[in-house]
Amino acid sequence: NAGVTQTPKFRVLKTGQSMTLLCAQDMNHEYMYWYRQDPGMGLRLIHYSVGEGTTAKGEVPDGYNVSRLKKQNFLLGLESAAPSQTSVYFCASSPYGRGRTDTQYFGPGTRLTVL
Amino acid sequence: GENVEQHPSTLSVQEGDSAVIKCTYSDSASNYFPWYKQELGKRPQLIIDIRSNVGEKKDQRIAVTLNKTAKHFSLHITETQPEDSAVYFCAASRWGDMRFGAGTRLTVKP
Chain H
7 NAGVTQTPKF
17 RVLKTGQSMT
27 LLCAQDMNHE
37 YMYWYRQDPG
47 MGLRLIHYSV
57 GEGTTAKGEV
67 PDGYNVSRLK
77 KQNFLLGLES
87 AAPSQTSVYF
97 CASSPYGRGR
107 TDTQYFGPGT
117 RLTVL
Chain X
173 GENVEQHPST
183 LSVQEGDSAV
193 IKCTYSDSAS
203 NYFPWYKQEL
213 GKRPQLIIDI
223 RSNVGEKKDQ
233 RIAVTLNKTA
243 KHFSLHITET
253 QPEDSAVYFC
263 AASRWGDMRF
273 GAGTRLTVKP
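Chains as they are written, first to last, in the working numbering: chain H, 7 to 121; chain X, 173 to 282.
Read the hints as simulated data drawn from the structure, not as lab findings.
Warning: the hint list may mix true and false statements.
Claimed, not checked - Calculated cross-link-like contacts (lysine-lysine; reagent style DSS-like; alpha-carbon spacing at most 27 Å): (1) H:K63 <-> X:K243; (2) X:K240 <-> X:K230; (3) X:K229 <-> X:K194; (4) X:K209 <-> H:K63; (5) X:K214 <-> X:K230; (6) X:K240 <-> H:K15; (7) X:K214 <-> H:K20; (8) H:K77 <-> X:K214; (9) H:K63 <-> X:K214; (10) X:K214 <-> X:K229; (11) X:K229 <-> X:K243; (12) H:K15 <-> H:K63; (13) X:K194 <-> X:K214; (14) X:K214 <-> X:K240; (15) X:K209 <-> H:K15; (16) X:K243 <-> X:K281; (17) H:K63 <-> H:K20; (18) H:K77 <-> H:K15; (19) X:K214 <-> X:K281; (20) X:K281 <-> X:K209.
As the list claims (entries may be wrong) - These stretches of chain X come out as covered by chain H in the derived footprint (C-beta under 8 Å, 3 or more residues): (21) 215-222; (22) 271-282.
Stated by the list, open to error - Among the chain H residues that face chain X by a calculated CB cut under 8 Å, a handful are: (23) L51; (24) Y54; (25) G115.
Every residue, glycine too, gets a C-beta built ideally from N, C-alpha and C.
Hey, can you work out the whole structure from these sequences and the hints?
If you want it as structure tokens, here you go:
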């Protein structure tokens, strides 16, 4: 049982490049989330998903897209990276659906630098 | 949307003393309030949580209180130890949409 995993761990992009971050969970959780963490600002919710095939915008969704084609995977895409997207990205999942939230389990994070 | 404010931003205590971190939230529909501990370079780890139908919860040296009327909740750590040094985040959630406070850097001096 690996929990929540993220790929890659580190990445450096040039402005305008695109990339996809992969989050995978093996706990059969319904809810999945993407956050970014910048120094002194805590974690900010980018997008989340309450089930396979569904996504919703969080606090800072601009510049990002997501997809949840399979229950265990949640992808975060950057179509045209900007230096302002330099951050640490955390994925999380939680077990309950049907309108009830619960403990979020975090992945190890992806450190992204955009030059 | 929900707005969570957390105070203080830094807190320094002597080993054995108590530490209190306070958070306020704006959305009265928020129904889940977790606290996370994050050590440098690591992922956030849940230390305690409370739901909107409960006023207080305790787990050994850690306790959380919730005042729904005033829309604030607090983390209490008693008998602090050097290994409690970390950044602590509060959060408020409404049906999956979770908002975090900016964090409190706790330093416990031996």
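Exercise. Given the proposed pairing of X:K214 with X:K230, does the C-alpha separation stay at or below 27 Å?
Worked result: Measuring from Cα to Cα gives roughly 25 Å; hence the hint holds.
For this session: For the pair supplied as a hint, X:K240 and X:K230, confirm whether the alpha-carbon distance does not exceed 27 Å.
Result: Distance ~18 Å between X:K240 and X:K230 Cα, so the pair holds.
For this session: State whether the coverage of the stretch 215-222 of chain X by chain H holds or is violated, taking the criterion as 3 or more residues with Cβ-Cβ distances under 8 Å.
Result: holds (count 5)
Exercise. In terms of beta carbon proximity below 8 Å, does the stretch 271-282 of chain X have 3 or more residues touching chain H?
Worked result: holds (count 5)
Exercise. Is it true that the CA of H:K63 sits at most 27 Å from the CA of H:K20?
Worked result: holds (26 Å)
Problem set entry | Interface hint for H:L51, Cβ within 8 Å of any Cβ on chain X | holds (6 Å)
Exercise. Does the nearest C-beta of chain X fall within a distance shorter than 8 Å of the C-beta of H:G115?
Worked result: H:G115 check passes; min Cβ-Cβ to chain X is 6 Å, inside 8 Å.
Exercise. Holds or violated: X:K194 with X:K214, Cα cutoff 27 Å?
Worked result: holds (23 Å)
Exercise. Can the restraint linking X:K281 and X:K209 be considered satisfied, given a maximum Cα separation of 27 Å?
Worked result: holds (18 Å)
Exercise. Is X:K229 close enough to X:K243, meaning Cα to Cα at most 27 Å?
Worked result: holds (16 Å)
Exercise. Holds or violated: are the alpha carbons of X:K209 and H:K63 at most 27 Å from each other?
Worked result: Given pair X:K209, H:K63 holds - Cα atoms ~25 Å apart, limit 27 Å.
For this session: Assess, step by step, whether the Cα of X:K240 is no farther than 27 Å from the Cα of H:K15, and give holds or violated.
Result: violated (39 Å)
In the structure shown, a violation is registered for the earlier hints numbered 6, 14 and 16, in ascending order.
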